[in-house]
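Heads up: the protein sequence lines correspond to chains U and V, in order. For the first sequence, the numbering used here begins at 84 and goes up steadily by one. For the second sequence, the numbering used here begins at 174 and goes up steadily by one.
The hints are simulated quantities; they were obtained by calculation from the structure and are not laboratory data. Do not take every clue at face value.
As the list claims (entries may be wrong) - Keeping only pairs whose Cα atoms sit at most 25 Å apart, straight-line, the calculated BS3-like set for lysine-lysine is:
id	chain 1	residue 1	chain 2	residue 2
1	V	Lys406	U	Lys213
2	U	Lys295	U	Lys326
3	U	Lys213	U	Lys224
4	U	Lys238	U	Lys170
5	U	Lys326	U	Lys238
6	U	Lys140	U	Lys98
7	V	Lys354	U	Lys170
8	U	Lys238	U	Lys224
9	V	Lys406	U	Lys196
Since we're looking at a predicted model, the values are computed, not measured.
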Amino acid sequence: MSSDLAIDVRGLVKKFGTKTAVDGVDIQMPRGEVWGFLGPNGSGKTTTIRMICGLLKVTAGQGQCLGYDIQREAARIKAETGYMTQKYSFWSDMTIRENLEFVARLYGLPNMKRTVDEALEKLGLAHRQKQLSGALSGGWKQRLALAAVTIHNPKLLLLDEPTAGVDPQARRDFWDEIHDLSLAGMTVLVSTHYMDEAERCDRIVYLAHGHKIVEGTVAEVIDQSDLITFRGEGDGVRRLAHKLKSVEGLGSVAYFGSALHVSGRNVDLIRSVLAQNSSPDVTWEEVRPNLEDAFIALMAEAGGDARQYE
Amino acid sequence: MTSLLNSLRRIWAVFMKETVQMRRDRLTFAMLGGIPIVQLVLFGFAINMNPRHLPAALIVEEQTPIVRTLVSALTSSEYYDFVMLESDPRKSGDLLARGEVSFVVTIPAGFTRDLVRGDQPQILIEADASDPAASSNAVGQAQAILTLALRHDLKGPLANLNAGPAPFDLVVHPMYNPEAKTSYNIVPGLLGVILTMTLVMITAMAMTRETEQGTLENLLAMPVLPGEMMLGKILPYVLVGAIETGVILMAARVIFDVPFVGQVWILLLGVTIFVIANLALGFTFSTIARTQMQAMQLTFFFFLPSILLSGFMFPFRGMPDWAQNIGEVLPLTHFLRIVRGVMLKDATLAQLQVPMLALCAFTAAVMVIALFRYRRTLD
């Protein structure tokens, strides 16, 4: 059955013992798009991705990935999907070339040698192909992993926090590659904690405590949050921050660089509180909330911080 | 004084951390308790350096009171368990080659008549001397047992036979290893022991290494089936096993001068099945153990009875039944019968059918368990 949805899952539930990691997630993702998967640690992002590509059995729910049933046709999904794990999971005691060769052989690619040569060339690692992959820096490891999981030209790419711990320049390069792959027709679902990365996605899905909280384009998510945001700048913001955080019902108070954002839905309350706490060395202006303001508010509404640091 | 206290506090901190981690690794904890118990039981009860109740075949060509006395003396000595009565002397070689019996005792026709005449008739004991430790006591005691038994029967007119040399002539044929060289038995056995130790360990690491290095998730996300994974992981080590076999057989020939009287292809067939059996077992361990450390412990836990109960170090027939039953499950037991059978006894494939099939059955069973235990998902 062919479908124009790359991922079409409904009511996904995953329980580990008595703990529910994912609780009724629906995703309908069209082919060819780049979607961002956001949410705090332990919100169920990785678990959802693993269920989609057949690495975990679903406790309840159903769906298809690339037109294949996620419970019964995991093998077919795996053949047409590239999955990049959160932790580097290629072989450190094999060279860069040997890693790529293994993957190319496993997927039975024709012209294995040429395919690997091309991948190395594109990766810019041709001259280091005989180095052990474990000796690469974090950013290079991620690029090697991306090259390896895309070597069989999958239809769907699942990236689990691919840029965690990678320097800003390498992150930018990595995202340029993701967009190149997307232009070439790949569907990409990428989980991330970085807002600038989320803003480069066609749509974002926000999970918390295993529930999908919101989904849409960046602008839609910000609009849906229905927030009013004030931005305070000046030397006095640090003293103010503590005070503002203790005001009941005000909303969220968070730093952006050296500026302080106060976001909430009760505009009168915010104005009056800011007026009461006015200080000559702080200037306030109303700004359009950004994605992070929206997420901080979403997280606060989703209930206490239930992260577990795995 | 304070620095000593600080030092003690730090020792205490490390002590507590180790205790917590030791308790968390259940399998290690079980091994710490289990291995001493297993060793105690095996060394204490199973191993017998002076084996009795060895299976023997009896060929008697006449039935007289004196013959019956001799047979019952051998039986009541507890060294000889006559498990079969044969009338055809030509079968004795086959019985020994198969390893079904350790001895064939032959009392020829006319024995009693010749004895009475004082002609010193012969009693023949053909012993499987491929394992000198197993056979030497029983053979060594035979003369005394038989002489003592006859002494009661030789009364009245026959009493004069009791004087002087024994009235019969005990002829012992130590088959396969006439000089009773221990190395003839040990060196072929070592082939099995070395293959067991190295090959089980090497594949026991196979999956646990992927788990520990975090590469398992990557492998599972690729379209490779459990059976494909198992074969791919096992096959490189078949080559390792082949090289080890070559080296050991060469050493047996050149250094230890062990004879090789049988057919090479039968041994190679046995080695191949045995190597695959061990590799498959190691792979099964690696689907059970969660860490490489645990895989090592499982390997050791398997290796211990393999060495003690297979008949490698101690005579198999000398062990109590329960220990022999455990031994029958171990692939090394069957491989030892094959390797000793071929190298020392020139056994044919038909004679080695049982151990060959036993190895195949073991391999199949272990592979089924491995595929059953193999994690297809990260659950």
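Do the hints match the structure? See the list:
1. V/Lys406 - U/Lys213: holds, 23 Å
2. U/Lys295 - U/Lys326: violated, 32 Å
3. U/Lys213 - U/Lys224: Holds: lysine 213 of chain U and lysine 224 of chain U sit about 14 Å apart, inside 25 Å.
4. U/Lys238 - U/Lys170: Between lysine 238 of chain U and lysine 170 of chain U the Cα gap is close to 22 Å, so the pair holds against 25 Å.
5. U/Lys326 - U/Lys238: Status violated; Cα separation ~51 Å.
6. U/Lys140 - U/Lys98: Holds. Lysine 140 of chain U to lysine 98 of chain U sits at ~10 Å (cutoff 25 Å).
7. V/Lys354 - U/Lys170: At roughly 58 Å apart (the allowed maximum being 25 Å), lysine 170 of chain U and lysine 354 of chain V break the hint.
8. U/Lys238 - U/Lys224: Given pair lysine 238 of chain U, lysine 224 of chain U holds - Cα atoms ~22 Å apart, limit 25 Å.
9. V/Lys406 - U/Lys196: holds, 23 Å
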